Every structure is written in C-alpha cells, then in structure tokens.
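Could you build the full structure based on these sequences and the hints that come with them?
As you go down the protein sequences, you meet chains A and B in turn. All residue numbers in the first sequence are consecutive under our numbering, ending with 817. All residue numbers in the second sequence are consecutive under our numbering, ending with 817.
These are calculated hints, taken from the structure and not from any lab test. Quick caveat, the model's predicted, so the values are computed rather than measured. Among the hints, erroneous ones may be present.
[Stated by the list, open to error] Taking CB as the label site, the calculated pair distances span: (1) A:663 to B:698: 27 to 37 Å; (2) A:732 to B:618: 48 to 58 Å; (3) A:599 to B:808: 19 to 29 Å; (4) A:595 to B:665: 40 to 50 Å; (5) A:786 to B:808: 31 to 41 Å.
We put the CB at the ideal spot given by N, CA and C, even for glycine.
Protein chains: 2
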Amino acid sequence: MGRSAGNLELARERGLVDRIAFDLAEAMHGADLVFLALPVGAMPAVFEGIARGMEEDCLVTDAGSTKQDVIAAARAGLGARIGRFVPGHPIAGAEDSGAGAARAGLFAGRDVILTPLPENRAEDVARIERLWTACGARVTHMLPDAHDQVFAAVSHLPHLAAFALVDDLIGRPNAEACFRHAGAGFRDFTRIAASHPEMWRDIALANRTSLLDELDAYIAKLGEVRDMVDLQDGAALDAMFARARSARKNWKLHS
Amino acid sequence: MGRSAGNLELARERGLVDRIAFDLAEAMHGADLVFLALPVGAMPAVFEGIARGMEEDCLVTDAGSTKQDVIAAARAGLGARIGRFVPGHPIAGAEDSGAGAARAGLFAGRDVILTPLPENRAEDVARIERLWTACGARVTHMLPDAHDQVFAAVSHLPHLAAFALVDDLIGRPNAEACFRHAGAGFRDFTRIAASHPEMWRDIALANRTSLLDELDAYIAKLGEVRDMVDLQDGAALDAMFARARSARKNWKLHS
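Rendered as structure tokens:
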C-alpha cells in the first residue's frame, strides 16, 4: 500500500510489489509480516487501520526514524496486541525516495536499530532480526529514548542545519553567484538538504523535545564560534578546529 | 619552500618539487613565476620575504581562500611591484593537506577565480589564466570583496558549522553512542570538519567581517527553525524544507 498511484504503479512495474491495495484492512488479509515504511506523522492512522485487519499471528515492524512517538502510536492503535509490534530503524537514509529510488542491497553492511518493547516475545524480536540479517544488515538494540536522543544529535540536527543553510542563501542579492561558485564542501554539507520535506517535517515534530535540546546546544556553540571570530581569538579557533578534526578523522562509518 | 622538513622531503620523493630551499630570497633566485600555497595568515611574512629576492620579470600568484586580506598583504610586502601579483583562488578544496595528499588532475574541470588588480597588466593576467587552463581549470574573474562575501557564505560558514557540530558532540555523556550510530548524512555533513585547523583559523580571521555577517544570519535562521519546531508549525517547516530541497536539487556543482 502507498499514497501515490504513480509510485505504486512504478513499484509494480519494477517488481518491488506483487499486489497493490487501497484499503488497509484488505491489505492485511493473510499478512504474516507487516513492514511500515512511511513518514512517522502518518503512523497513528496506519496503526489504527491495520489493527482492524490484523490476523492472529501477524508481526509488525517499521522503518521510522523516531521511536518514542511511533511506539506511542502503536500502543494507541494496536491496544492489547502491542506485543506484536517490534520497533525498528534501519540506518540507510538517502535524499531520494519513492519506488524509483529503490536499490537492491541498500541494507547490506548497514546498521539496523531495534528498540524492543517489554511486551515483545523474544522469538518475535529474533524473527525481525533474521529478516534484517538476511538483507545483510547488522542489528543492534537500544532503548527508545536513548535512540531518539542519539539520532536527534547525529541525524535530525544535521538535516535541519543543512536545510537552513541552503534556505539562508535563497533570495539574497548575490544568491546566483553563491550557487554558481559553491564547491565540493558545499555539495557534501548540503546533500541532505535535498531530503524529503514531509518526512523531515514529521521527524522534527515527532522528536521535538530532543531536537530542541540539540538546536539550543548548536545555536549556543555557533555563538561561541562567532565570539571567537569577533574577538579574533585564533588560539581558541585553532583548538576547537583541531578537536573536531581529530574526532572526525577518528570516526569511521560503521560498515 | 615549505614549513615542515618531512613534508618537503616527501614532496621531493614524489617528484612534486625539484629543489628545496630554506631561505625565501634564495628560493626566488631565477624564478619567473611564484605560486603561493599556504595558510593566508602566513602571507604577510612571505610577501615581505619574496620582495627581497624578486627578479624584474617575476610574476606572483596565490591559492589563498580569501582575497582582500591577501591583496593587502601583497601591497604591504611588494610595494611598488604590486602589479606583479595576480590574486587567485582555485576552488578545489579537500580535507587532506600536504605533499601526501597531492593528486595529479586536482584542478581538471574545477573553477579558478582570479581577482585582478588595477595595477595588473592584461598580459600578466592572461599568463596566469593560461597556467590554470593548462591544468584543465576554468577561469573566472570577480572583484575581491564580492569574492570574499560569496565564499563566506558557501565555504567558510559551512566549514565552521561542520567543525562546530562535531565539537558539540565531543564530551557529552552519550558521545560514544552518537559517533557509533552516525550514518551517511553525518559523514557527508561533517567531511569538511576534518579540514586543516590552521588553514581554517586563518581564513576565519582573514574574512572576519563577511563571516560574522554569515554566522549572524545562520544563527538567526536556526533560531527561526527552532521556533517552528517549538510551536509545532509543521506547515512552516514543510515550506522551508521544500524551498531548500528545490534549490539544492536545482544546483549543480560547476564542473
């Protein structure tokens, strides 16, 4: 099931789906595993919808970038069957979306985080793990609140910061010259500013509390940097840049 | 000439230089073209040094990321011979530096900005242009102040923002989890945070006025985004993300 007829047809043409459904209860008929891949703001309605058609032994998991809000939506929608939902988050973001952006091997060597619930049976969590392992991914577990804090810092804040930087260039008198002369640093810094607006609107709202903490900390840090520049404090700039460079050089993408 | 003996030896081993000198006046002997590639903060002393050994027909150009301060240093150091200096900026940044990071073909298809001076002879500017064209680069001209404003926006600010984001993660209680779970978005956003601290300290100080304007504008923009998140203004977030995405998708690296 999806929201755009064109996208669904493309998915069928590319052999990504066998069958298209336009009714959630109908789509649930005979399903033993449901994978929810949609903007997190759309989750509450979908959990309500699938609850109506869910069969006894059906297991549900998701690809939502935030976990506390998705779990709350699942509890509200699934009620007593909450134990059938194993929350997950594959770390394989890309700025393109839709069936046209589908890639075999997307999850090979990537991390998938599961945030199992107290109500989950160990065998159901293990089944979802095997599903991801079969795609070549490596599964780790986190608590939902720790997950949301970490991803506010390393994913949600950078996305908003990239969107903001690009938006800040638009409409200024020298915007054309700015875009014309921007180089490889700009390209990489702003790659994620081409991400899906609705998906990121939902993430920003869903993870609001942690994200506000991160925005406040980042704005304060940029204020410190501003003061170093204003006071021409070369030693402080040098020390900060060297610390960051060392941490960045020691970091390796976990793959 | 360079500042580190190990780097100079590596440059000789790799065939990047024929001769190493430890005295500027000596290095200038017989030189008909001098290319200054060093942190912009080191330019004033180097212009003074080369002025002492500069021969009559010697032409000087540079690779400095800022132009108004380098031109001021050249005027102070070269005095009446300022017309022999053609200021330049190749847009081919990389986070690695030194002779070990040298790459043939680095400038192929890249932009090089020249900011010629009123004192330059047209034939000297043309000679520097031919030098870059021979490396496969495309040469454009700008005024020094327009150059510094544009690069504050599309290069200097993103570098400081990337350094600041990485530095903001260091030392927090969940820093290890943050670096462990950071993905491809973080990788690209922070690539330039592995850049050379001294080079970027000098750029930040050299382009202080324009960079302060950019930092103020960016901090204000992030404050607006913070308020949208705080007020749960999904429509405003959606509109801003869509604007930025459209601009970023329409942008193509000029190569």
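Now for the hints, and whether the structure bears them out:
no. : hint                       : in the structure
1   : A:663 to B:698: 27 to 37 Å : holds, 33 Å
2   : A:732 to B:618: 48 to 58 Å : holds, 50 Å
3   : A:599 to B:808: 19 to 29 Å : holds, 24 Å
4   : A:595 to B:665: 40 to 50 Å : holds, 49 Å
5   : A:786 to B:808: 31 to 41 Å : holds, 33 Å
Checked against the numbered hints given earlier, the structure satisfies every one of them.
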